[in-house]
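Residue numbers (the numbering used here), protein chains in the order written: chain E, 3 to 182; chain C, 4 to 185.
Be aware that one or more of the hints could be misleading.
Below, simulated DMTMM-like cross-link-like pairs (lysine to aspartate or glutamate); rule was C-alpha separation at most 20 Å, straight line [what the hints assert, rightly or not]:
id, chain 1, residue 1, chain 2, residue 2
1, C, Lys178, E, Glu42
2, E, Lys7, E, Glu42
3, C, Lys178, C, Glu132
4, C, Lys129, C, Glu76
5, C, Lys178, E, Asp5
6, C, Lys181, E, Glu172
7, E, Lys7, E, Glu27
8, C, Lys178, E, Glu48
9, C, Lys129, E, Asp5
10, C, Lys181, E, Asp59
11, C, Lys181, C, Glu132
12, C, Lys181, C, Glu125
13, E, Lys7, C, Glu125
14, E, Lys7, C, Glu132
15, C, Lys129, E, Glu42
Hints were generated in silico from the structure; no laboratory data involved.
Predicted model only: the values in this text are computed from it and were never measured.
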Amino acid sequence: MTDCKAMSERMPAVARGGAPWGAAEAAHLSGCPACRAEWELVLAAERLGARSAGGVDTARIAAAVRYRLRQAPLTPAAQPFRRVGRWFAGLATAAVVILALRLAVPNPERPVTGPAPAAAAGSLGEESLLTELDRLTSSELEAVLDGFEAPAEALPHVDGAALDQLKPQELERVLRSLGG
Amino acid sequence: MRAMSEDSTRSDAELAAAYRSGDESAATELVHRHGAALGRFLFGLGAPVADVEDLVQEAFFRAFRGLDGWREEASFRSWLLRIGANLRNDQYRRERGWVVVPIEDHDLAGSADPEGEAGATEMERKLREGLGHLPRLQREVFLMRAQQGMAYEDICAALGTTPGAARVHYHHAVKRLKEMMQ
């Protein structure tokens, strides 16, 4: 039995001069307007561009392509390097984006104590912070300076074993410095 | 005579391998073998006749430069048609940027490309116009199947889809084209 699906499957091959329609298929085609319409489409598609674009000068195109390939040869050895290079460039870009996001977005887990001048300098920019400091009176400036953490070099030098020997205030300073 | 040469008996894969080993005549044979089909395919996708040769040349240039990208899951022709379709799509996007005067749908195929349409039948002219209104995948699948006679397995390998999806695209295209032809 010939159905429309089977007819549709056969159409491109028949249009291109493959096995012609059998008797049953020809009968179906003459009695089925849907298949006839599709057949006309396939015939038109098969001919489409044959007169205008099918006559491209392949000899001229081949010569031009060969010339261009000679001008810009692709060295097989360079190819893997190019791929690896692209991969690394992608990785570096991703790293920069992640770093930028980490710097831009404040960490909610980090405890914020006092004015946090170092963090402010990072986020607001050194210039705006200096302008802010210039406007302060000397007493206000002193208050701000008091809020600064002790510099890292002033912290007592400790390793794992020496932590037990620290005084409670020293231990607290060390822990605060580790917590940022 | 070229038709009797050794090249004409070698498969596309053998010619591609020969080209990789430095045999330029293999590239020439591949251009002779697939150039006209690619030109007709590009015309079906709406490329102006004046641009077809340039697009064919560019597609072959890119194909040979990127020959390592051809995995032979798809035939060389379907892979080449895919490259051509991408080029045509890029060209279309650029053209769209140049259009400043609104053009009626019925003007698109006929007036834009009079010399290309001179020899075409009314049916072919309408088909080309209708193809211009289809979504890209439907248009490409329809042409690969109806114009190029490719199997669905080959089409789906070239377009990165499944045979089932390619069939669906084809039947949607046929349905819409039939409606447009009426």
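Hint check results:
1. C/Lys178 / E/Glu42: holds, 13 Å
2. E/Lys7 / E/Glu42: holds, 16 Å
3. C/Lys178 / C/Glu132: holds, 15 Å
4. C/Lys129 / C/Glu76: violated, 34 Å
5. C/Lys178 / E/Asp5: holds, 17 Å
6. C/Lys181 / E/Glu172: This hinted pair is violated, its Cα atoms lying about 86 Å apart.
7. E/Lys7 / E/Glu27: holds, 12 Å
8. C/Lys178 / E/Glu48: holds, 17 Å
9. C/Lys129 / E/Asp5: Distance of about 27 Å is beyond 20 Å: violated.
10. C/Lys181 / E/Asp59: Not OK: C/Lys181 and E/Asp59 at ~33 Å, beyond 20 Å, violated.
11. C/Lys181 / C/Glu132: With Cα atoms ~12 Å apart, C/Lys181 and C/Glu132 stay inside 20 Å; holds.
12. C/Lys181 / C/Glu125: Roughly 14 Å between the alpha carbons, so the hint for C/Lys181 and C/Glu125 holds.
13. E/Lys7 / C/Glu125: It is violated: about 27 Å lies between the C-alpha atoms, which goes past 20 Å.
14. E/Lys7 / C/Glu132: violated, 26 Å
15. C/Lys129 / E/Glu42: holds, 12 Å
The earlier numbered hints that this structure contradicts are 4, 6, 9, 10, 13 and 14.
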